[in-house]
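Novice: Got chain C; can you put chain Y on it based on the hints?
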Amino acid sequence: MSTSPLSVHGLIQSYTPPDGVYDEFITGTGIPRPHTQSFLDAINGIGRDEFARRWLQAQRTVQANDFAFGGYATPDDKLRPWELDPIPLMISAAEWESVSAALKQRAKLLNLVLQDLYGEQTLVTQGLLPAELLYAHPGFLRPYHGLRYPNQCLLNFYAADLARSPNGEWWILADRTESPSGLGYALENRIVVSRMLPDVFHSCQVERLAPYFIAAQATLRGLAPEHPENPRVVLLSEGPKSLNYFEDSYLARYLEYTLVEGGDLAVRNNQVMLKTLGGLLPVDVILRRQNSKECDPLELGSTAGLGVAGLRQAARTGTVGIANALGSGLVESVAFMAFMPRLCQLLLGEELLIPGVASWWCGQPAGLAHVLKNLENLIVQPAFRNRGKDGPTREKLATMKPDELAATIKANPLQFAAQEKVKRSTVPIWSRNLQPAYLALRGYLVTDGNEYTVMQGALARTSSALDPLELSVRKGEGSKDVWILSDGPVEMVTLLEEPGRPIKLRRSGAELPSRTADNFFWLGRQMERAEASARLLRSAASRLSGETRSTSDLEVPVLLRCLADQGQIEPGYAINKMRGQLPAIEHDLPMSVFDPSQPACLRSILDEVYRLGSIVRDRISLDTWRIIHGIDEDFRPAPHRTMTLSDLLSMTDGLITSFAAFAGVIVESMVRTQAFHFLELGRRIERSLQIISLVKNCFIPMPEFPGPVLGTVLEVADSLMTYRSRYLANRQLAAVLDLVLTDETNPRALAFQYVQLVRHVEKLPRDRSSPDYAPEQRLAMTLLHSVRLMDIQSVAETHGLGDYTALERLTTEWESQLPKLAEAISHRYLVHAAPSHQLADLSPQ
Amino acid sequence: MNYSVSHTTKYSYSEAVPVCHNLVHLAPRALPNQVCEEFRLLIHPEPFAVTYAKDYFGNDVSFFAISQTHLGLTVTANSRVAGAPMPEVVPSSTVPWEQMAGQLRTARAPDVLDAYQYVFDSTSVKRFAALQDYVKPSFPDRRPILEGVIDLTARIHSDFKYDPRATTVHTPIEEVFEQRHGVCQDFAHLQIGCLRSIGLAARYVSGYLRTEPPPGKPRLVGSDASHAWLAVYCGPAGWIGVDPTNNVLASTDHITVGWGRDYNDVCPIQGVIIGGGEHRMTVEVDVAPPETPPEPVPTVN
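Chains as they are written, first to last, in our numbering: chain C, 1 to 845; chain Y, 1001 to 1301.
So that you can see chain C by itself, here it is in the shape it has in the complex (with noise of 0.2 angstroms):
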């Protein structure tokens, strides 16, 4: 055996850092670090298969929280930005006190410099900022010049990037002020590695994330406006399309705040609402999550269809707080890092605590001779910062050729600033062997105006390769959990429960925003919709596969019927002339359900599914997702293979069958609020039209043998074994009207579906002291009592003797009166829930 001091800790026998860099576990020597010692002993007690093992679960954890968050932009965009590493990184409290104390002092100052640039502006006036670095800058929004009482914090939240160089020294990388991102990550790592290390965790006494959380909230709840004792609290998201949507939501129900896009809120007389159904809700605080340049479409003429119009009118008249302030992003670009030792003396007299990488922005002459000679060794960036948006202009700069490049710099120097490379310190990676990689750390901080408070903790990320760190919060490779190791016992802080104070018990009311609940609505049309769609293409493939049935003549042509009124197919097949002249429909069934460029196909609808259930899927349970994740999932065609009759058969069987899942889960598992009433609101009406869509294609005309199609119409409407217990054989008219129309037992007849749209309507809120009944109430009860109403033996009789009036009558009234209740909701309820745009202008002349 080795007599090496590693030889003990058997996880980090064979771990070596590269030459010439810092590595933050172990010494140049060899020997550990003494603050990762207790760590590495308490690792080493658990031994490596045990950890092996508990990484395992926790993936588990992360892949099931992935599934609930994840981003979606785009199928193929990767869910998670980055993997978690076990192993975490540790600092000790000593040194973090002294980086917070750097990360404090530059917080303070680039809030100094936001007051200024957007108040006075002495900082320019003076000379002691260049003008152009502010003339120049298109994060310089001019419409939030003004807005706020002087003194007023204007940078409530701020992360910095920070890296460590090969002398043990850290540098700032980059700050960041808009809106910074990753805490949410910071915030997952933490349960995660925690509970994966439950014991380790514990022994090495690591400092919590929590007082950061209860400061930030402290913080938000101080920027109401009235200071309510409980004020309404929106975090504002981009929205599902948006890569920051995971932690949004995340934070969101960490915090407890409402997750809110520009679309769910209203300024009504300076006063930002929250629309929900039961009417406008006063919005005490916005937690800001959008760019500041999309926030008011008035003001800046945005039309990424988000933030609220005439929120900057609202902020200026002080109806509501909002953090971080508009326009905080103006300093978190390269251009001003080049400028802060110095303001850091002009404005508060000191040096900074640590240093920012050295910076030059081209826009004046001395920065871009440095630049242009210097080409080599440093990294050219856009000066100005466009969150989110440049990283190609990044990826472009990275690839050109140096004197590409000094041209590109030269034709417009205002617009490029450069770095010099940091040889960043490495940690090690778990795998099979531990790995080397390069860290990035981000630090947290928060202030209600009085003090900055910075998050015990941190988000690690690392990359195998060196240059150049992309520090957009969503690239890099990997990422770990950020232990301060205390000197002392940890206080047990937590966000998750408040033990011992007594708890205000609440049910779910109106407060659903209007869009929520519109898309709830139209995720039970699609859902059902679809299931209907599946129905029919499955009873039709069943048909006209080999096992041919005696009466697969007769029932064939009215299912195509009813597939071509659904938009499935085209119109063509559905005329029995025409269909000798369209390709076989054998062959083009299958293939015609997965036509990207049918919007009404199955495929199609189940697009729309995925897409609504994304959307409200922090309103969902965990296994709802699931079924809709998994349907999306499931019903894809096989790649490079033809799709046959018996491929529909057997996926449409398997559709059918998650679809009963759906109904189940959200009969057992949904709560019944407004969300469900509108769900099953949708469902109902959908419901109802696909039964009246397939009375009226199987049964006017009456079909000359009118037997099997009987018997359609009963497999379609999923009651073919009720009809059976109840006639045997025995196929009239009559009977199979009565069990899919007028049967209100039946869950899937036309009466029950009436019942439950009379039930669900009467629970939307509405005025209970009116004496009227609502236009919605009044049309599903017509709709109740018209099928209530019908006299179906009579109908039957007269229908067979081939007079069809009472039935089209009946059907053709139904038909019209269904989009009139779904309209009458609409817009009763969500018709502020449309999307909002700009009024078109003409030029002058």
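Any given hint could turn out to be false.
[Said to hold, decoys possible] When the alpha-carbon atoms are kept at most 25 angstroms apart in a straight line, the in silico DMTMM-like pairs for lysine to aspartate or glutamate are as follows:
1. K410/C with D1055/Y
2. K1054/Y with E120/C
3. K696/C with E744/C
4. K108/C with E120/C
5. K1054/Y with D116/C
6. K410/C with E1174/Y
7. K396/C with D1121/Y
If you are wondering where the hints come from, they were derived from the structure by calculation, not from laboratory data. Here the structure is a predicted model, which means the values were calculated and not measured.
Specialist: For chain Y alone, kept in the frame of chain C given last:
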């Protein structure tokens, strides 16, 4: 010279609009040689409240929101404006253009610093290499700045064709430059880009022209809608307005509403609506000497 201005903008929507928010730049700005004696904003349907404020550039803005369902919106701005001629500037007496550009870069007197912000790219005025080549013939070494500007104005007027159908409010100047046609806004943006590309400060001016010309004078283009031109900072001579659409220096027939870096900063009516489907817009402008006897004209020193 006195004018009464009436500017009516009508929107009609194919579907009902429950809410709209508007921000308008319609009130003529107070200037040393221009007084706005009266300004009235008539809005139908009537908004809950109209807020008046100043924007970053010192222009008057009005905000209003309508939160009752409506199928159309009419905004009429009526104003009475008295204007006096600016003191005449002899072009050959202005500073050489290089000197002006140099001063903008280095001098920090408040006026110069204020002008300096109009040297840089803005949303609708993004410079490109060909602009610099185009502007150069008008600015040989040491030429007095206003001489160069007047020359450039004349060249743009003759090189570019006025065509109201060729462009929209969002047409980039690079396209205007290549296609050689546009409207007043495009010519103003183009000339601003030219001047900025040699380091001069140029701002976009939004306003009106009198509709009927004085007896014996030709009717100016752009007089029946809102008009746009530009102003150039000429150091001691101050800001001088030029109108490339008509190849003239801005005179008392040009009524200034406001200015900014480009159209986006002073767009007459900005609006955000919910719903509304398709919408149509019409604009009517009338600028005429008032029938009532004119007020005494303010004098400019």
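Novice: Look at each hint and say if it fits the structure.
Specialist: Checked hints:
no., hint, verdict
1, K410/C with D1055/Y, "violated, 34 angstroms"
2, K1054/Y with E120/C, "holds, 16 angstroms"
3, K696/C with E744/C, "holds, 20 angstroms"
4, K108/C with E120/C, "holds, 18 angstroms"
5, K1054/Y with D116/C, "holds, 20 angstroms"
6, K410/C with E1174/Y, "holds, 20 angstroms"
7, K396/C with D1121/Y, "holds, 22 angstroms"
Comparing the model with each earlier hint shows a violation of hint 1 alone; every other hint is respected.
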